[in-house]
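Trainee: Residue-level listing of the chains:
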Amino acid sequence: MSIEEKQNFQTYQDSDIAEYPKNEKELSSLIKHFYKSGIPIELVGSGSKKKIGKPLQCGKTINLSKISGIVEYLPEELYIKVKASTPLKEIKEELKKNKQQLAFEPIDFGYLFSGKSNLGTAGGLVSCNIPGPRRFKVGSVRDHILGFRGVNGKGEIIKSGGVVVKNVTGYDLSKLVCGSYGTLVALTEINLKVLPAPEESKTLVVHNLKLENAAYLLNQSISSSNDISGAIFLPTEPECSNCVMNIEKTFKLNDLKYKGSFTAIRVEGSKNSINERLQNLIKELKIIDFDISILETYQSEIFWNKVKNLEFFSSTKNNIFRIVVPPSECVKLVYQISDNKFKYYLDWGGALMWVEAYELTEEKFESIRKKVVKLGGYVSMIKNSDYLPFVEEVFTINRARFDISQNIKKSFDPKKILNPGKMYTGI
Amino acid sequence: MTKLSMPKIDRKLLSIKETVVKNLKKIVKSENVLDHEDQTRPFETDALTAYKQKPLVAVFPENTEQVSKILSYCNGERIKVVPRGAGTGLSGGALPLADSILLCLGKFNKILEIDYKNRCVTAQPGVTNLSITQAVEEKGFYYAPDPSSQIACSIGGNVAENSGGVHSLKYGTTTNNLLGVEVVFMDGTITKLGGKTYDSEGYDLLGLITGSEGLLCVITEVTVKILKKPQSVKAALIGFPTIEDGGNCVSDIIASGIIPAGMEMMDKALIHATDNFVKAGYPRDAEAMLIVELDGTDTEVTELIERVNEIAKKNNSSSIKISKNDKQRLKFWAGRKAAFPACGDMAPDYYCMDGTIPRGKLAQVLKEIGRLSKKYNLPVANAFHAGDGNLHPLIMYDANDKKALEKTEKFGADILKYCVKVGGVLTGEHGVGVEKRELMCEMFNNNDVQQQIKIKKALDISSLLNPGKVYPILRKCAEEGRVHVHRGKTKFSDIPRF
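Line order of the protein sequences matches chains G and E. Following our numbering, the numbering of the first sequence begins with 1 at its first residue and continues without gaps. Following our numbering, the numbering of the second sequence begins with 1001 at its first residue and continues without gaps.
It is worth saying that the hints were derived from the structure and are not from the lab. Some hints here could point you the wrong way.
[What the hints assert, rightly or not] For the chain E half of the interface with chain G, some residues (derived, Cβ under 8 Å), not all of them: (1) D1038; (2) P1042; (3) G1195; (4) T1197; (5) Y1203; (6) T1356; (7) D1388; (8) N1390.
[Claimed, not checked] Which residues of chain E face chain G? A few of them, derived with a C-beta cut under 8 Å, are: (9) A1047; (10) T1173; (11) K1196; (12) N1248; (13) S1251; (14) E1303; (15) P1358; (16) G1428; (17) M1440; (18) Q1451.
It should be emphasised that the depicted structure is a prediction, and the values quoted were computed from it without experimental measurement. For each residue, glycine too, the CB sits at the ideal point set by N, CA and C.
Extracted from the complex, chain E is given alone in its bound form:
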């Protein structure tokens, strides 16, 4: 495990743990406060398992008032709070701090209202993404954002991270499908933002808190849009002899005016690994494969498939297979959705990256990843939400090799830096968390980061909510706004500053 700098531990607080526990038990039922390390161990990490830290206490509130009281208490006593949904986040956003209370929202697990007239569902934040679709599919509706972890990830976590999924090219990410939230701020204030209307007036606070990674408030209720399922959906599996051909095909499909419901790409390493895993019938001889999903009316889908086929042929496609029925279509997707676990076949551990690039730069970026893979001597497999430019290189390593993680992280950082260099961004849907916070200076300068930190302080004046995430720790001095410069010399000039 590499060393991770976190905010300074409040030793005094550790010494009064018993008082904290006693006070929390006054707010929630005793059994909802876990303080023994055997009890808190399951919560020491999220899906970025390389980093582990047990919290001081894990607390499980059961309603919004309890969340408000806990935050208000912690605010008064200057106790740090880390919110946690299902713990499926890949960037360490829910990594506890030794002197923090881990606020677990697992007991907020009910769907509160299904409103077909206004085409929305109101749910508590611990409800899983998939169960929203399951709750409305009998009437032919669904919730569009579908991250690969949808079976386990919570809707509150989706809001905190602005999760996407394979259909976000056409249907948007969480922020485009969210109508309202109930949130609690660090001072205990409970507020509703948005509701069941399409728009809200004034500053777009709903937009601001979506993707704010638990730094601004705790989400206690979520209202999302639901859509009617399209009449017809088909997927095409297209094989290509080179990555460049696949990349060009993606650009040409978009340039022709087609917006597929989903457009995914995988490289040869992943085609084999996933096909071994789910036997999806992928073209094993291809260097790259596209899954293009098209939806609409029967006629429309038939027309679009024909057009996509034409474009693919122009880009030297080696094979094309169209799903004959829904079962086969879902099988096509099963491989893609199992891309991460399938890597387990290739190496003991994998590290998943998440940059977004302009679509046209795909071949260039994949070439660079190939070069870096050789440089670091670590194999890599690539899954790519090709339609919206979101790249997920999976770096394979062995955690038993003590130096491997450090090397892997450096490799990952180099990939993300390159994404920014070609006009992309550090993270498309996994969030910054602790994982990419030191890379923020690749994208933002001091002014940009300062503005974001000022917003954080506007809503959480003592920076108690999920501290140590998103913004760099090393550059703390510069982050807070002032650096003492003595006779033109900056202290620790080797440390990068914004």
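Isolated chain G (complex conformation):
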């Protein structure tokens, strides 16, 4: 059994390395103990996203996988309350029974890191705050967390928020905890907002567009009143034989032609409504004479699942990073980084770029970061490679925000024992 598998195995106990608290109270006592002795702790759920962020060197590991289970699910109130290490798969299945979903489309990073599905836990999802393709329409993970319970770096049990959407009672700590990679609290319970799943979905794929035309089309689609819920560009250029990203290999769908690049736009809703919106869209975008494919619900869902789960990059040995910029800057950015060997695709109508880079070096990565920051965005290293197994700065931050973040960290975790250095050195 590999270490990776051991950590995911429910009954596995390795008392020398990891502690497995069974509930919030036990977790609180453990952290209190480590707070007193000042021993840094690594917090782990299922380990599905453990490779994101900087590697940790901690004296102890607290594995939270036993704090698991759905506490309360009220479909008509549009929320689900779960213990933090509840597998996302279990949550999704439960929601599906009531035709509901987590609207921000959680990404299954298993394909990227291990070549097969591993959705991870609710806690991991919240800690990383990385949403899927529907982000521009419905918001990110942080927009769907209504409240939480957890244990701070002193071992104190704290809570914030509630189960209702509209709530301004005290600071919104739920947002702060979202995307904090376990550096502020060890989560024990999470209240997530859920929404009705769309009845049907259709995808319009325009073939063979160049980057500029695709970006224009995506922007027009999002700016229209057709309420689209997905907008991506999958290019065939630049060529990079050492990258694994291959759209033809990834999508094997009956109704999808394989002709050059894909510019894909998704509409969701009731049957009549999506047909109407799709027709409007084709008319407004003036693409009636273009080479297009239309995917009906079944194939459309497969298509977007593959996009969301980064299946193009499945089993790559190259670096994978994620760039977020203002949507209007994506074309400029692609040209600015073109001195690298890479493949990419655009999501969120151009506001998000996933990049697979071959033979990346720290200098090249930093030079990309500088360009991205200048355009008003940020870059995060998601997967390392043999060429570049470690980068000094995984995430992007400036001095002012670093100083504030350091103060915030201290207010939750004064001895910096929770996942120290996972996000930034010193936090």
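Following the hints, put chain E in place on chain G, whose structure we already have.
Mentor: What follows is chain E alone, placed relative to chain G:
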């Protein structure tokens, strides 16, 4: 007026008022510093008019650098600062302190950039909520959060309070529509958080300061998302013979998978008052009325209206009226949006509450409000953002009766306590301010409040920015972390502590 405990007054500062004024005049133009009590009187309260206090000085900076210099000066001299936007807040968040500088952002009133390519607008914080929509509507765009005070409330205030509105069920509150801010911290540091990207990396500082009620920083610039207006929007007015039927209909609509753009409910008292006020054609015989707004394509809206009608019938609806055109739809809303002023017809004064409850508890909570209304002998009318569970009971009283406000506040507190008891929260969109701070212990324990106070201190070490708001004053000793317990006996054990 009930007695309100505020932080201890710095008497020494009052004695050097002239020096403070002189120093502020070095930072901003002389005419932008108001210190005579005739000049500061207009700023002695916000929309929670029961509480009044003139500030030491009111100052009107004109740019971010001036805000930074003022805060830096006040930080150095340990002078308290209360930020103020348009003063439309309902929880006393902008109530001045006698020894504070009131930092008024009214001169920050320009829209700086309209960026259609990135679908966002950057504005100064004093710009009103409605004028953002007005600035982009010629191209068919709008800004989604629409608090009832949108004609007057400022976008900076919206960020500070995380304002909602009638469309937040589908389109979210301010926090879900905000992309970036420029803020100034108490030490004078100017920082940009977020920008024009959908997400920001690292700790969600933008999320933290949204709804922080002016306790963490002063907002000097705001970038918000704009959306394209839907192709078709229609509203349905549905009457019900009982509140329970209306409440059940709300739950059934959501359970069926429909998320309306807005779903509002009013009780009989308010149906009559608002209909008298704007002649909106409300069903006057109904005990409860729902306004359900649906948007999308023409076909979609027609389909949804049909489904809502079916659900309403199953819940014994007594009438349904669908808006024929936009003019009529806006008329339907005009009544709801005038709910507060319409109460003026029923009583000289009203006190507006703001709890949020799980939707399914509506009938139960309204029943309890009815019971309390009898107990306190004060009439109450109910407006309810039914879709997202945000309840606005309007308690009617006469401020000329000296004991009435105290009684009203007790009544209001009992309502909010009950909201928390059924799984809800103290405030959905008006903020805690001074109004609900003593009720925070209903929702949070000592650890929870301590954590929040530590965050406050992490960003404002001397607690000079908007002190006395959000966190209880009475429990100050416990709040600061330590209570001396002598032989197991706590001093003043009758005072509730966290």
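Trainee: For every hint, state whether the structure bears it out.
Mentor: Outcome of the hint check:
1. Taking 8 Å as the C-beta contact cut-off toward chain G, the hint placing D1038 of chain E at the interface is violated, the least distance being around 35 Å.
2. Among the interface hints, the one on P1042 of chain E is violated; its C-beta lies about 27 Å from the nearest C-beta in chain G, farther than the 8 Å criterion.
3. Taking 8 Å as the C-beta cut-off, the interface hint given for G1195 of chain E holds, the closest approach to chain G being about 5 Å.
4. The closest approach between the C-beta of T1197 of chain E and any C-beta of chain G is roughly 5 Å, which is under the 8 Å cut-off, so the hint is satisfied.
5. Interface restraint check: Y1203 of chain E against chain G, minimum CB-CB distance 5 Å, threshold 8 Å, status holds.
6. At a threshold of 8 Å, the smallest CB-CB gap from T1356 of chain E to chain G is about 4 Å, leaving the interface hint in force.
7. For D1388 of chain E, the suggested interface contact is upheld, since its CB lies about 5 Å from the closest CB of chain G, less than 8 Å.
8. Evaluation of the N1390 of chain E hint against chain G yields a held restraint, the C-beta minimum of about 5 Å falling below 8 Å.
9. Of the supplied interface hints, the one on A1047 of chain E is violated, with its beta-carbon coming no nearer than about 16 Å to a beta-carbon of chain G, more than 8 Å.
10. Below 8 Å, beta-carbon pairs count as interface contacts, and T1173 of chain E has one with chain G at about 6 Å; its hint therefore holds.
11. Interface hint at K1196 of chain E: satisfied, since its Cβ lies 4 Å from the closest Cβ of chain G, which is below the 8 Å cut-off.
12. Interface hint status for N1248 of chain E: violated, as the beta-carbon distance to the closest one in chain G is roughly 10 Å, over 8 Å.
13. A hinted interface residue such as S1251 of chain E counts as satisfied when its beta carbon comes closer than 8 Å to some beta carbon of chain G; here the least separation is about 5 Å, so the hint holds.
14. A distance limit of 8 Å between C-beta atoms decides the matter here; for E1303 of chain E the minimum to chain G is near 6 Å, and the interface restraint holds.
15. At about 5 Å, the closest approach between the beta carbon of P1358 of chain E and any beta carbon in chain G falls short of 8 Å, and the interface hint on this residue holds.
16. At its closest, the beta carbon of G1428 of chain E sits 4 Å from a beta carbon of chain G; the interface hint therefore holds under the 8 Å criterion.
17. Taken as an interface hint, M1440 of chain E checks out: its beta carbon lies about 7 Å from the nearest beta carbon of chain G, inside 8 Å.
18. Against a cut-off of 8 Å between C-beta atoms, the interface hint on Q1451 of chain E holds, since the closest Cβ of chain G lies about 5 Å away.
When held up to the earlier numbered hints, the structure conflicts with 1, 2, 9, 12 and fits the remainder.
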